[in-house]
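Number of protein chains: 2
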Amino acid sequence: MITQRASIDQVFHALGDATRRAIIEKLSEGPVSVSMLAKPLNITLAAVVQHVQVLQESGLVRTEKVGRVRTCSIEPAGFSLAERWISDRRSLWERRLDRLGDLLAETEE
Amino acid sequence: MITQRASIDQVFHALGDATRRAIIEKLSEGPVSVSMLAKPLNITLAAVVQHVQVLQESGLVRTEKVGRVRTCSIEPAGFSLAERWISDRRSLWERRLDRLGDLLAETEE
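Those sequence lines, one after another, are chains A and B.
Per the numbering used here, the first sequence starts with residue 830, numbered consecutively.
Per the numbering used here, the second sequence starts with residue 830, numbered consecutively.
To be clear, the hints were calculated from the coordinates, so they are not data collected in a lab.
Possibly wrong hints are sitting among the right ones.
Chain copies aren't distinguished; within one or between two, either way the pair holds.
[Claimed, not checked] Computed cross-link-like contacts, SDA-like style, restricted to lysine to any residue with a CA-CA straight-line distance of at most 20 Å: (1) LYS868 / LEU933; (2) LYS894 / GLU935; (3) LYS868 / GLU937; (4) LYS868 / ASP931; (5) LYS855 / TRP914; (6) LYS855 / LEU929; (7) LYS855 / GLU938; (8) LYS868 / GLU923; (9) LYS855 / ARG924; (10) LYS855 / ILE837; (11) LYS894 / SER909; (12) LYS894 / ARG913; (13) LYS855 / ARG928; (14) LYS894 / VAL877; (15) LYS894 / LEU932; (16) LYS855 / ARG919; (17) LYS855 / PHE908; (18) LYS894 / PHE908; (19) LYS894 / ASP846.
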């Protein structure tokens, strides 16, 4: 199933839930069927399906249906989106702090 | 003001809002007073105060009050929390893919 292009809003919103992060932790170890995800998380199958849907729409998880089994796996694209957003901001403020440092050094001289 | 220890839930939740991300973008260029944040964002002062509070509680922004002016600046700790969580998951699934690659190579031999 093709994952639609996710927004940064969706990615961070999806990651802001402990159960969805537990699903991602599990999938980081390898693909798992939806029903196998429900067991260790101790939540209903319906709840897992809903969380997986949010993760899929945010581009963090992809699913594939073979026969009657839907298998979930990690989709790196969504994670890259979040990482890039944070690192872009970080480079902005680090550059500013560097300039401040230069200015202080000049003042001392 | 000392920023309380934030949870990963709070950090991702805080980042999942476009206005709060706009505040972070602005603060990445340097510290700004709360009232100066409200102008370019075209939202009320009350709304900015609320967003800043969420950002502060999640450890992404710190504020300091000097006289009657509250100034906001970036707090790198919250960003590190988010980055570390993502990169820890990434190393898990990349290690698994490496092992899969090794296994395939062995099978071919």
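For each hint, the structure was consulted:
{"no.": "1", "hint": "LYS868 / LEU933", "in the structure": "neither (58 Å within a copy, 30 Å between copies)"}
{"no.": "2", "hint": "LYS894 / GLU935", "in the structure": "neither (63 Å within a copy, 29 Å between copies)"}
{"no.": "3", "hint": "LYS868 / GLU937", "in the structure": "neither (63 Å within a copy, 36 Å between copies)"}
{"no.": "4", "hint": "LYS868 / ASP931", "in the structure": "neither (56 Å within a copy, 30 Å between copies)"}
{"no.": "5", "hint": "LYS855 / TRP914", "in the structure": "between (25 Å within a copy, 14 Å between copies)"}
{"no.": "6", "hint": "LYS855 / LEU929", "in the structure": "between (44 Å within a copy, 17 Å between copies)"}
{"no.": "7", "hint": "LYS855 / GLU938", "in the structure": "neither (56 Å within a copy, 31 Å between copies)"}
{"no.": "8", "hint": "LYS868 / GLU923", "in the structure": "neither (44 Å within a copy, 25 Å between copies)"}
{"no.": "9", "hint": "LYS855 / ARG924", "in the structure": "between (37 Å within a copy, 14 Å between copies)"}
{"no.": "10", "hint": "LYS855 / ILE837", "in the structure": "between (23 Å within a copy, 17 Å between copies)"}
{"no.": "11", "hint": "LYS894 / SER909", "in the structure": "neither (25 Å within a copy, 36 Å between copies)"}
{"no.": "12", "hint": "LYS894 / ARG913", "in the structure": "neither (30 Å within a copy, 32 Å between copies)"}
{"no.": "13", "hint": "LYS855 / ARG928", "in the structure": "between (43 Å within a copy, 17 Å between copies)"}
{"no.": "14", "hint": "LYS894 / VAL877", "in the structure": "within (16 Å within a copy, 45 Å between copies)"}
{"no.": "15", "hint": "LYS894 / LEU932", "in the structure": "neither (59 Å within a copy, 25 Å between copies)"}
{"no.": "16", "hint": "LYS855 / ARG919", "in the structure": "between (29 Å within a copy, 12 Å between copies)"}
{"no.": "17", "hint": "LYS855 / PHE908", "in the structure": "within (15 Å within a copy, 23 Å between copies)"}
{"no.": "18", "hint": "LYS894 / PHE908", "in the structure": "neither (23 Å within a copy, 36 Å between copies)"}
{"no.": "19", "hint": "LYS894 / ASP846", "in the structure": "neither (25 Å within a copy, 32 Å between copies)"}
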